[in-house]
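As given, the protein sequences belong to chains A, B and C, one line each in that order.
Following this note's numbering, the numbering of the first sequence begins with 141 at its first residue and continues without gaps.
Following this note's numbering, the numbering of the second sequence begins with 141 at its first residue and continues without gaps.
Following this note's numbering, the numbering of the third sequence begins with 141 at its first residue and continues without gaps.
One should not assume that every hint holds.
Since the list can't tell identical chains apart, any single copy or any two copies may satisfy a pair.
[Stated by the list, open to error] Computed list of lysine to aspartate or glutamate pairs in DMTMM-like fashion (alpha-carbon distance at most 20 Å, straight line):
(1) LYS214 - ASP181
(2) LYS291 - GLU240
(3) LYS388 - GLU376
(4) LYS353 - GLU326
(5) LYS237 - ASP425
Because the hints were derived from the structure by calculation, they are not lab data.
Chain by chain, the residues:
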Amino acid sequence: MGPSTDFLGRDVVSARDFKREQFERILRATEDLEKHRGSLDGTLKGKLAALLFFEPSTRTYSSFQIASEKLGMKVTGFAGPTGSSITKGETLHDTVKMFEGYGADIFVVRHSKMGAARFAAEITDKPVISAGDGSREHPTQAMVDLHAIRKAFGKIDGLKVGMLGDLRYGRTSSSLAYALSNFDVEITFIAPEALQMRPEVSLLLKQRGVTPKKEKALKDVAGKLDVLYVTRIQKERIPDPTEFEKVKGMYEVNLEALRDAKPSLKVLHPLPRVDELATEVDGTDYAQYFVQAAGGLPLRMVLMNLILGGGN
Amino acid sequence: MGPSTDFLGRDVVSARDFKREQFERILRATEDLEKHRGSLDGTLKGKLAALLFFEPSTRTYSSFQIASEKLGMKVTGFAGPTGSSITKGETLHDTVKMFEGYGADIFVVRHSKMGAARFAAEITDKPVISAGDGSREHPTQAMVDLHAIRKAFGKIDGLKVGMLGDLRYGRTSSSLAYALSNFDVEITFIAPEALQMRPEVSLLLKQRGVTPKKEKALKDVAGKLDVLYVTRIQKERIPDPTEFEKVKGMYEVNLEALRDAKPSLKVLHPLPRVDELATEVDGTDYAQYFVQAAGGLPLRMVLMNLILGGGN
Amino acid sequence: MGPSTDFLGRDVVSARDFKREQFERILRATEDLEKHRGSLDGTLKGKLAALLFFEPSTRTYSSFQIASEKLGMKVTGFAGPTGSSITKGETLHDTVKMFEGYGADIFVVRHSKMGAARFAAEITDKPVISAGDGSREHPTQAMVDLHAIRKAFGKIDGLKVGMLGDLRYGRTSSSLAYALSNFDVEITFIAPEALQMRPEVSLLLKQRGVTPKKEKALKDVAGKLDVLYVTRIQKERIPDPTEFEKVKGMYEVNLEALRDAKPSLKVLHPLPRVDELATEVDGTDYAQYFVQAAGGLPLRMVLMNLILGGGN
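This is chain A alone, in the form it adopts within the complex (with noise of 0.2 Å):
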């Protein structure tokens, strides 16, 4: 089999179905890229990619947008749901087999329903990228965390993550833990009990080898780790608001939490941040995610350019 076998073709719908020889070419490519940059532009031209945003996400749509345009595809579909026939009651179903139509030869949806992108993966024969859909799955996020990892350690075997933040609904905290349990690390999930990790993610991890931690406090993990990957807690998902606020600033990252962090620990967020990372963080050596947020645009140039054969 030749090299690109493994991506020919082929829906990212779920970072479960993904291994870490997989994760590792991904991420090897991206790297690549990054240092010669503009390698791979072009390399699709004449090809059509539909965006398929039927939840607004201006970091992942320009994203797409961007690694779509300059690998020469052209771009349709819509960024958000409003000025589109959504409000008429499109199906996710028409739209899928309407692009077809038109010719599209990759989709990219996003979707606040859980199994969009799988149930569109098989409405057409053409490949499909989950751009994040309902509260479990953002699997190109996930690939992007990891590079941004690797980028800063040049590795991810050996190392201790912290998870922080609503892991119960946060959609890039259980592909990442999916992503992670390919390699040998430990994790530890640190949320208020309403939000800990589903206990089918933590099932998996251990089938793959890897035990996670539960913590309720980041004060009590804190030094410990490597990297700390941050999240939004939403308070209306909490039961009991009132209680929550009480308990807020133990989820809070900033200069005072990270007191005892190792001086080589890395701060991830999948952005868009509102206040549980200060932004007074950003200017130390900890803030690894506006590089985290840059390299999603040359990985999914990578991602497609080897889903649809584009070479290089």
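For this one, chain A is given, so just place chains B and C on it according to the hints.
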């Protein structure tokens, strides 16, 4: 006169304005393009298309956008009212003047007000295509519909066409009726009394030698049709919605409703659909609506190419 | 120093920051471009423009979008707040950092908050152009306005300019006043007391040798003007709207209001207009506002080309 003189520089604001020869020319050129994909790519390089969608439509917008870009044009304008100065009260007049000033070579206008496209055509000397305006006209959709019929039967003459749904306010139905009146067809309008086709449409058809029949229920006519054109009924438009609930089922197209249909029947729908056309029809030979939708892209490429004299 | 050193890499955040020579350079280059259309096409090929319109504006957005694309740049960003992560609370800071990470070579920022463009310019080393921020500045509009004046009269010195409407909160009026203060002009501010020009603008003008007059009614000054710059009055901004209704007619520009005007008078308006400028003026020689609007495209091409050193 050279062969492109029929379309060069002209506006497309009503299906009434086109003759049989002109429809046939568009259809033949679209069939040619579908056989040799890409042969119009880049013929309008350097030109600018202004897509002014004061009313959103994913399907129509995307097909014009992709068509314009495949022809080599740059695209500007807006896909819906949000994010535009329309919210500040910018008029259609000033918007058209502005994009003319920015060098637009062709305008595609969608608007909720009847006559908006014709008004735009009076403002600018550049060609204006209606992408649907008011409840009367959607001329390029009618061309797309004819294309789907001819693709299924190899001809239009001699066919029995039923049109079902909201014929009074549905812009696609009246445009298709105007277009079909250039051919030797039998037309049956199937709708509740309150939503039957407007008298002036029937009158024009009669003047052109096509006397439409009217029916209240699909079941009375289903077995005789070659083509069934389905459109949505919006309950709010019925004077007595409670009364309508009782008869609603008579206008839903599903396998039961098609029990007596000819095996060769083709069902069309301009899409998006809600529940007036059951998904169980999708897998049958009756379903022509996704083929119909896909034709929107090549047909609109052909049309814009003829209007702007792009060659080929 | 080579000729482009005045603009290379610089931010455009206030009309106050530019000198007469710089305005003249932009105007001359724009006039040159208008004479030889297309001569800047593709000069910035391979570059990426991030258009961040936190506030919608069809006119300004479209001109920057088309200008960027004609220069050969790819375009990313958003045309308005809907469909972006802004609804999740993404800050201007993080949005700029993100697009910088995605390789943006130039930023165009429109925002409702005063100083947003200058703040963006502090975040990134890439050049930032204000496309209007707060109620104070819209510097490229001022350049477009000067261009329209020079196009009508062949000069700016020696002209009598009246500025009418909401001068207190109208961002285009203060930017134009700053720009005009570099020339030998007479300026009259025509507005109800509550909406007269802010003191600091008048002060800067005086320091630069242009002492503005103030009038309450157009009719007292209409006969003396060479240029009448009209802007909208938003009733909500008047402390006593009922009182304003009585005098509203004094600020509506129609043929009656222009009865005493010089035949050579030119009326400008940044558009969009509502009812402060009657359409009956459109057909007269007074109307310079569509010429003015059309100038937005070549002028913004020239400006971005100079800033990014695209040659020609």
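Okay, the hints, checked on the actual structure:
1. Proximity of LYS214 and ASP181 under a CA criterion of 20 Å is satisfied in both settings, with 13 Å inside one chain copy and 12 Å between copies.
2. Taking the shortest alpha-carbon separations for LYS291 and GLU240, only the inter-copy value of 18 Å comes in at or below 20 Å, while the best intra-copy value is 37 Å.
3. In the homo-oligomer, the alpha carbons of LYS388 and GLU376 lie at most 20 Å apart inside one protomer (13 Å), although the nearest pairing across protomers, at 40 Å, exceeds that limit.
4. In the homo-oligomer, the alpha carbons of LYS353 and GLU326 lie at most 20 Å apart inside one protomer (8 Å), although the nearest pairing across protomers, at 73 Å, exceeds that limit.
5. Within a single copy, LYS237 and ASP425 get their C-alpha atoms only as close as 47 Å, which misses the 20 Å cut-off; across copies the closest is 16 Å, which meets it.
Hint violations for this structure: none, all hints satisfied.
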